[in-house]
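Given next are the chains, with one letter for each unit.
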Amino acid sequence: MEISFLLIIFLLLLLSAILAISTGSASIPPGDVVNALLGNADTLTKTIVIDLRLGRVLLAIGTGLALGMSGCVVQSIFQNPLAEPYILGISAGSVLGVLLSLVFLSSFEHLKYSAQLFSFIFALLTIVLVYRIASVGGTINPATLLLGGIAISALFSAITSYLIYTTFSKNIATILFWTMGGFWQANLVSGILVFVVALISGICMLLFWRELNALSLGDHFAMNVGVDVSRARTVLIALVAFSVSFAVSFTGIIGFVGLVVPHIARSIVGGEHKKLLVYSGLVGALLLLWADILARTLIYGEELPVGIITALLGVPFFLYLLFRRRRLC
Amino acid sequence: MKLSGKLLVLIAVLVCIAVVSTGYAIFVTQTLQNERETGKSTTVLDDMGRIVHIGKVERIISTSPSNTEILFAIGAGHLVVGVDNYSDYPSEAVNITKVGDFISLDVERIVSLQPDVVFAYYGQKAGIERLEALGISVVTFHAETLNDIYHDIQLAGYICGKTENATNLVAQLQQRVEDIRSKTQQLNDTQHPRVYYELWNNPYMSAGPGSYINDLIRIAGGTNIAANASKDYPILSEEFILSANPDIIITSSMNIDSPEKIMQRAGWQEINAVKNHSVYMIDDNLVSRPGPRIVEGLETLAKIIHPEIFGN
Amino acid sequence: MLTVKNLSVSYPNNPVLNDLNFVLKPGDFLAVLGKNGSGKTTLLRAIAGNVKYTGEIRYNDKVLTKLPRTERAKIVGVVEQGMSPAPFSVYDVVCMGRTPYARMFSWSMEDLKMVEHALKKVGVWELRNRLITEISAGELQKTLIAKVLAQDVKILLLDEPTSHLDLQAQLTALSIIQQLRNEGKIIIGVFHDINLARIASHVLFLARGEYLFGKCSLINEEHMRRYLGVDNQLLAQYLGGYVHV
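Just so you know, the protein sequences line up as chains A, B and C, in that order.
Just so it is clear: in the first sequence, position 40 is 40 by my numbering, and no numbers are missing.
Just so it is clear: in the second sequence, position 102 is 102 by my numbering, and no numbers are missing.
Just so it is clear: in the third sequence, position 157 is 157 by my numbering, and no numbers are missing.
Hints are computed from structural coordinates only; laboratory data are not their basis.
Any given hint might turn out to be false.
Below, in silico cross-link-like pairs of lysine-lysine (DSS-like), each with a Cα-Cα straight-line distance of 27 Å or less [to be verified]:
id: 1; chain 1: A; residue 1: Lys274; chain 2: C; residue 2: Lys120
id: 2; chain 1: A; residue 1: Lys275; chain 2: B; residue 2: Lys98
id: 3; chain 1: B; residue 1: Lys98; chain 2: A; residue 2: Lys170
id: 4; chain 1: A; residue 1: Lys275; chain 2: C; residue 2: Lys113
Just chain A, with the same shape it has in the complex (with noise of 0.2 Å):
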């Protein structure tokens, strides 16, 4: 029952991207779609179809991937069904890089992928930043984590401010598509790297299974069955950290999906991680790609903001899911 459940989502994932592929503001009939997968048709079909839409299609399940999955591990690592993977401060730092690298680098706007460069490296500073500040005491508890967090992004929010205002004029445009996010910027490149990120960041949060499961009934429960509980928390912290902001780096800071895919998938499969991690994954890639798919078609020859359709789909879903459990008790 639970093997035909998986396939189901497969399924309807594969599915899902074929619609993608075939979608788009140039139309190209389904036929030549195929033929340009297999490497027959000219070079623009070829180009538009495997390099902007594949890649397109690849980024959007890679980001889902991440997000859902990180979701998921920090929900339980801080046994927090409110805590999303932006928590500890990395949108703000990835924000705040981008306008880095646009504000200092002016020289540098040769520099290919320098905004992406900046907001990945820039979000991991974050973390080892509010990691420094809540080890200063000797051990490291999620609430000091917490605060840490609330803190480094409160003040890198203040400095994005600023920067903002002083040079509004000049970079507007990154900064609105940053806050926003969107996969336009997607090629085959990126998007097969962000998948590849992203898939590995998740098998090895996967390994992790037995800590989550024992971490999601308290410390002291993981603690008396074998867990470090400290080790578990950083290893899995690094994770998410590093294949959310991988993401982020190509797509901007896509929100609510990683707060609202791990309860979506908690209600279908339950509390037990090997399960829950793998279905925060594909409900994550599903989303964001259905999210992609509504963002070009919705209104023709625009395309909107992808953080706007994530909100609109996972809502009414999430209400609903709230209302049946309602209705249990």
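Given the structure of chain A, go ahead and fit chains B and C onto it with the hints provided.
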């Protein structure tokens, strides 16, 4: 979870998969790029200092309204096959295929339109990178002064093979500007009315040093009350505006519907501009787009600031 | 054999355990008695390795603090008083007892056999697919006992393990404890119910700064008064000589 042999093997396998798939992706992308390479014989230096190779120029895409206006003004409008969402002048531009806005470009549509060159604008770095990676020639424009705008018109003319039109246009524009400047230069300081240009009302945003509006007000013979602000689009406090007591207030429909809205503001009745009903609305595109119509904007401002010289 | 030497635990400005010394052999059952706040739970935490202490706790020749967590979890197991609620099934929770043993991606056949064995022994096999958020407190306690059984440890630490159980379940729990003793495990339990404590082989009275360790026979009027602050006359008056000392 221990650091066992099995784990290391697993990680090694995963890393191999990562490297191989990325390598494949790069290979495929490179192959596509090679297929796209065609003879591009002309070389241009754009406003960002980048060297751009261009071949024939028969299909142009503009991703900024000012570029669109320049292209049409030099007679290259028929070559434009795609424009950004905000390009609305001249009226022919409205019907051209739209390719996105400054936040996100529709890369797929741009690619399918098969442009020979894309006229982009400073601040669209991500889009420029993406298009260049796909082998499309992108020329980036950036103008901060009138001279920059003249240069951009010439650059566009050179690229489109309309150098004569461009040179003529620039000469005309320079003449019109000189007409105004020669008259306002003779005014002494006391004859410069204080001008407040309101870009936005919540909070009060004006145009400061580095903005076109600031330069235009100066040439038109006015004193911009925000001329000494810290940045090009500063946020002014109400106190500052009231104490500066502008003689003229200028704004556009992007900000408010009618001058009455400003004149009715509590506490603003004592401002000279309000007392004299010197609150004007103009088309903000005339003063914010670095294209040929900026001179029209200058003329409009001159008529408002010095009607005694330039008529109403 | 469990050896506790010079064990002291103090929270900032608050000494709780002071220079404890005792030894337990396989099959021993130690009842820890004391008023609230006397350090009973702290003692369990120290042996489990969850709190910092000075002194030495040794199992056979291994010093517990020097062991990696997974090795320690194969020796010491804890039946907690409670835990954060989460949507796990009874089966899942008992499986978590096998955490120190498990391989990379799944439980081994042996793991699953131990889990099944533990579930049946404690009597919660029928409940195995129910969520722990939907069972009673007593059933949860039985689940935690099953978890520790699956963990296959040498020392069991029980923090009031029978407080929510009905009589039948209490007797089952006690018989399980007896079985474990026969298998050579060491049991340390915190009890408030004196009667249950009396089936132990040894007793440890704890009071601020003081302790008394010895055979079970030490549970008498004098010690109860001294360490538990219990007035035996009151006891006799209300419970009619309920406790036979």
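Each hint tested on the structure:
1. With a CA separation close to 25 Å, the supplied pair A:Lys274 and C:Lys120 stays within the 27 Å bound.
2. Restraint check: the Cα-Cα separation between A:Lys275 and B:Lys98 comes to about 45 Å, which exceeds 27 Å; the hinted pair is violated.
3. With a C-alpha separation of about 23 Å, the suggested pairing of B:Lys98 with A:Lys170 holds against the 27 Å cut-off.
4. Only pairs whose Cα atoms come within 27 Å are accepted, and A:Lys275 paired with C:Lys113 is accepted, the gap being roughly 21 Å.
The structure fails hint 2 only (numbered hints given earlier).
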